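Place chain G with the ligands on chain F using the hints.
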Amino acid sequence: MKKSLKIKDISLNGDAPITELNLDDLLPLPPPYDKIEEQPGWKRITEEQKGRIVCNLDGVVGLSLPRPETPEEEKKYVDLFVTGMQKLLSRENNWTFLQPLLLSLEYCAKCQTCSDSCPVYEASGKNDLYRPTYRSEVFRRLANKYLKPGGKLLAKLNNEEIELNWTTISRLYELAYRCTMCRRCAQACPMGVDNGLITHELRKLFSQELGWAPRELHEKGTMLQLKVGSSTGMSPKVVKDNMEFIDEDYSELTGFDVVTPWDRKDADVLLIHNAGEILSWPENPAAFTILLNAAGISWTLASDDPAYDGVNYGLFYDDVQLARIALKHAEVAKKLNVKKIVMGECGHQHKALMTIADRILLGDMNIPRESSMTFLENLVFSGKIKFDPSKNDFPVTLHDPCNIVRNLGIVEPQRRILRYLCPQFREMTPHGVDNYCCGGGSGFAVMSQNNFKDWRVAVAGRKKFKQILDAFADQPGPEVKKYLCAPCSNCKGQIRDILDYYGAPLKSGIIYGGLVELIVNAMTDLKEPFIKWEE
Amino acid sequence: MSALVLMICAYAAIVISTVVLAFRTVKIAQMPVHLRWELAPVPHEKGKSAYGGSYLEEYEWWTRDHESSIMNEVIYMAKEIFLLKGVWENNRGLWPFTFLFHNGIYLLAAAAALVFVSAIMLISSSPLSPLDLTLDLATILLIAAYLLGTAGSFGLLIKRYMDPNLKPFNSTSTYLNLVLLVLVFGSGLYAFFSTSDYSLELGYFARSLITFSPQSYISVPMGTHILIVLIFLTYLPFTYMIHFVAKYFTYHEVRWNDRPQTEKMTRKLNDLLAQPVSWSAPHVKGDGKKNWVDMATEEMKDEKKPEN
Ligand code: SF4
Ligand code: SF4
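From first to last, the protein sequence lines are chains F and G.
Going by our numbering, the first sequence opens with residue 1, and the numbers climb by one from there.
Going by our numbering, the second sequence opens with residue 536, and the numbers climb by one from there.
Excised from the complex, chain F in its bound form:
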């Protein structure tokens, strides 16, 4: 591992990675995952890939940025980066985050108090490249040198040398996708500086000015959602067909009459799922339908695009895309004249629509919005449904999605449910607002190009995997079936990949799922268990 990386190294030796990751350096895992030789590691980038795409950061490539063909093309992007920085620091183009950004750029004391709180930095064996402050300091020095009057002279006098060139921007682009924006570092910072926000702003600069964004978040993410209705590619017709299949399946499995209502005008509740649930975890929307129908709630799903998909990847990289999708979500709710929108079990949907969009949705577009955590808590304790907690008598732990817990402060409702319905519920350490990100945050869970998936699982998700194993350390073997409750689609995607990568379902008997599945599993009226362990 290359130790003591200097800030200016980002601009040097264009084609070569500036650091190397080794499995031996990574945070050790508990048995039976402690043997380095048995860990899958990550795929090496091939010579063919190296000839085609930029691979100059850390041996990992998540973005497949094509190599520029001419020096002119390189220069074009470098120039765009400069105009992008100017726009990012301007009132007109970035009023959305100008104050927090400038505060974070100007008042960092470089004390490194934030470093050890970062799960990526810690899990990497404290590789300097992944320090919360490294990318921020690069950006800060570039902005100081190339935007401020006398910046070049001051940079020299102040020994803050850095060069703006193709190498710098291509590395910085990839580096903007080595941070999950979990904001654990921001909590630790005594100044209130937010390195997660700087990551966010850098991603915006690349997307909004250079047109650079990960394919999974942009073309196959927000663009697809705006054009078709969902980042899954499902059109309104397909989504309704799929839900109909789910209704049929679960009617058969549970003996209930499972019917999901669509487009009911004047319903009390518009529930918006992350559409990924419908394709990958159909038990989750099915459980919502069963529960809400059993409680006699007046509710509906919407088939108008894109309101059947709560995803809003704009949150991770692009304010314009974020606003476009949030407005459309609200428009559909307004058209249906619902009393409130309830967020499905999706963390970034919570943050995008509940708080970030709060200052975008003006007037009657600002329809009340609520978390499924509080909504479900109210329902569970309403007395409308009978529960038998002994049906959930197996070890359960809870993963706190950063966007619901650290960012929105929704901590206790889900715990009150679990303490009531799961006799063997136990917390991870640490938990609540001090939780660790699953490593799939900020869009990583859907990003898998080249060897990025290996990195996000082995490095970004390592701390979380260790936490999960530690939470079940009293019954580590596969003979005891354990449930990891992760009330967020993206977290579930990442957790699925982590568990598969290590073979943990077989070796440790851990399965994962949402919160609402546990609630339905505990319903007295349910004949057969809702949670299927063989999966």
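If a hint is listed, it holds; no wrong ones were tucked in.
As a list, the in silico DSSO-like pairs of lysine-lysine whose alpha-carbon atoms are at most 30 angstroms apart: (1) G:K803 / F:K335; (2) G:K694 / F:K156; (3) F:K227 / F:K87; (4) G:K702 / F:K148; (5) F:K110 / G:K614; (6) G:K562 / F:K87; (7) F:K335 / G:K799; (8) F:K156 / G:K562.
Pairwise CB distance ranges, derived in the manner of DEER restraints: (9) F:K75 / G:A613: 48 to 58 angstroms; (10) F:K35 / G:D698: 32 to 42 angstroms; (11) F:K265 / G:V828: 22 to 32 angstroms; (12) G:F779 / F:L506: 47 to 57 angstroms; (13) G:F779 / F:P478: 54 to 64 angstroms; (14) G:M800 / F:K75: 34 to 44 angstroms; (15) F:L253 / G:M612: 52 to 62 angstroms.
Under 8 angstroms between C-beta atoms, here's a sample of chain F residues computed to sit facing chain G: (16) F97; (17) L98; (18) Q99; (19) Y107; (20) L197; (21) L226; (22) V405.
For the record, the hints were derived by calculation from the structure and aren't laboratory data.
Note that this is a predicted model, so its numbers are computed, not measured.
We treat Cβ as the ideally placed atom computed from N, Cα and C, and that holds for glycine.
Same frame as chain F, but now just chain G with the ligands:
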């Protein structure tokens, strides 16, 4: 040393630092309202802040009264300011130095205030005993400030230079700031031990500042100390060291700003949304004429849209 020269320097330093500090503070305060970016725990959340909960935990939160506690914020800030709680919890190796240094600064500020109080007493010919008490207290605070501040700033300087976690982030100004601070406290310590009736002399200097009447003579050690303090005071507002102001905004306006939209805010937001956008990526194509509303409401449909 000429008291007149020092007085002129003092007025200049006070004016420059006040103006620059005020300018930078107003600049931050006048920045546009931004999108919400709160971060738990938010201490003003009554009954919930201990575990980091927020009003969004309430069922139909918009129908409930939002209970807020300023007291919790004050307690949180006091722990942060005086105990450096965040550094204690997350960076124990740095804490002793930063704790000593910051408390040295606070004590110095408190001592300076007492010196000015004693100057006012001298002007108003107050009875001797309260004056003596004030001067005694100032003396204690000053010596404590100098000792803590010297140890803290010197420790920080060494730590910054030696620690491989900190070193790559240092710039010339990092060292300059700390050397200046070592000089501020160190020169005070030296002046203190080489001047009898130290705080009384300072009191006389403060009196001459208030009454615009220079006293005849200031000893060289004390004059040097005052000069270094004034240089620091002038330099301070140009640096990141005014984070004591910025911190108010990073906490109150960002981390703890969980205010739902208000009518006043809506008016401001309408203005902000009417601003032109010039981001040039293909999916934005901001031409400097389209505004945020145009941009956000633009249809992105294309021919690839499948039939419903
Ligand atoms: S972000 Fe905060 S904690 Fe990290 S180095 Fe800067 S001031 Fe210190
Ligand atoms: S936001 Fe999270 S992942 Fe990013 S630097 Fe901070 S702690 Fe690390």
